[in-house]
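Add chain B to chain A, keeping to what the hints say.
Top to bottom, those sequences are chains A and B.
Taking the numbering used here, I'd label the letters of the first sequence as residues 103 to 380.
Taking the numbering used here, I'd label the letters of the second sequence as residues 103 to 380.
These aren't lab readings, by the way, just hints derived from the structure by calculation.
Honestly, I wouldn't trust all of these hints.
Since the list gives no way to pick out one identical chain from another, each pair is judged satisfied if it fits inside one copy or across any two copies.
Mimicking DSS-like on lysine-lysine, the simulated pairs with C-alpha atoms at most 30 Å apart in a straight line are [said to hold, decoys possible]:
(1) 378 - 113
(2) 241 - 378
(3) 310 - 241
(4) 378 - 310
(5) 113 - 310
Now for the letters of each chain:
Number of protein chains: 2
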Amino acid sequence: MSPKTAAPTLKDVLASSQPADWRTPDPDDVLYLELASGRVVFELAPAFAPAHVANVKALAREGYFDGLTIVRVQDNYVVQWGDPEAQRPIRSAQRTLPPEFDRAAAGVELTLLPDPDTYASEVGFAQGFPAARDAASGKAWLVHCYGMLGAGRDNAPDSGGGAELYVVIGHAPRQLDRNVTLLGRVLSGIELLTVLPRGTAALGFYEKPEQRVPIRRVRVAADVAPAERTELEVLRTDTPTFQTLVESRRNRREEWFQYAVGRIELCNVPLVARPKAH
Amino acid sequence: MSPKTAAPTLKDVLASSQPADWRTPDPDDVLYLELASGRVVFELAPAFAPAHVANVKALAREGYFDGLTIVRVQDNYVVQWGDPEAQRPIRSAQRTLPPEFDRAAAGVELTLLPDPDTYASEVGFAQGFPAARDAASGKAWLVHCYGMLGAGRDNAPDSGGGAELYVVIGHAPRQLDRNVTLLGRVLSGIELLTVLPRGTAALGFYEKPEQRVPIRRVRVAADVAPAERTELEVLRTDTPTFQTLVESRRNRREEWFQYAVGRIELCNVPLVARPKAH
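One chain only, chain A, in its complex shape:
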């Protein structure tokens, strides 16, 4: 039980943030998933999955996803889309790729969290993404927090590639870390995915084709006319402001809280994106 202080809340931290605390994602690394209900915006993570990011962009640019469907919505787990029968031809992109489950830790600047993690010896944030690191193996990897984007695969580790994609919509399924390639995360619009009816076949697949949710288009933001883009800025994770944010969440000072635990788990740290002021 920590005493209450005048330490800032998340609201305070954001209110006092400066322009340099924010960054604008490169539109060439931003993906739009367009549904009848609206747009889901993703930031891609080329530092962790360069081949998958390039391939998903190539798939988007050849129109591969347009008219495909969301085929699986498993409660407390994932939303997944693609071409389950793999019937649609792929022209310039690849159907499968070697896995990018982890990478060399060297070259990854990780803003570390101070609290223990159940699954990894070190966790934190790299370029705005939740990530983990292991000194023994010298590896770093992205972590399956809520809203992370991954490349579905079959049993063979090299059977993914981004033609089938999923988004985490439940409690972080950390057992998937280092088992599947993560390549980005949702910046806005996840509620368009999380409200979809759950599939009732095994693994949350929709039983009937007519239950599937059509995808209008998937586009790289750079290819979209500027007036039609969703202009977002993202709070940097490598700044003193972000450290203050983490502390404000480790020890909650809002009046409602009676007890400040003094710790925070990786996937409970808010990664803030907001409309860009013009």
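Just chain B now, kept in the frame of chain A:
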């Protein structure tokens, strides 16, 4: 990286389970939330929140919840219902109660998990519920995993009581542990809650009264004619079979997995409920 063995999967564990591995919740501690879309079934936890459980049952029995609405759906957080203006009279039950944020650890048999937890020194399962324990304070408490049922409150710790209830529908908001009274968990039907439209007002409240989702009835299962009950059985958490289940999830052996991390976080352990065989 653990070598693959013939260790059982979850499916194997359930297939080889015996009748004694299962228990039938007391119908007097089971709550039905009836919506137009179907029934959500909760098991209540009188060992942790006796006054709140008794009060919620009294509220249900006087029909307090019938015709009230779900007023808040905040993505990755909670679904909440009640009477936000507190206008509906309460007859035999209480509107507010002293908090039951934690209890004496003595008397709580906890099936401990072996892996570190970010928030508590010891975690595990007590009578089928995710729970934590702290030797220093001698306290035990229920934990905010996906599907847990809590009693909303205002800023004063004694301003809850069960007239307003919430269910966790996102990544475990563990900062709420010991700050609010948890009194049960969903056994079935959570997908009726998780697909509801997210509210667009602050904290995910619905902006307009007509967006609220009507509650047909809330009943204690014991008060429902046996033929109309949802007969479920729940896998015990204090058995060798449950230990085998935990091990099967700490080290995933299904063919799909390339890497078995050898650990599991509290809220990732499946707490299995299934229709009771007749």
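| request: Report the numbers of all earlier hints that the structure fails to satisfy, in ascending order. | output: Numbers 2 and 3 - these are the hints that the structure violates, sorted from lowest upward.
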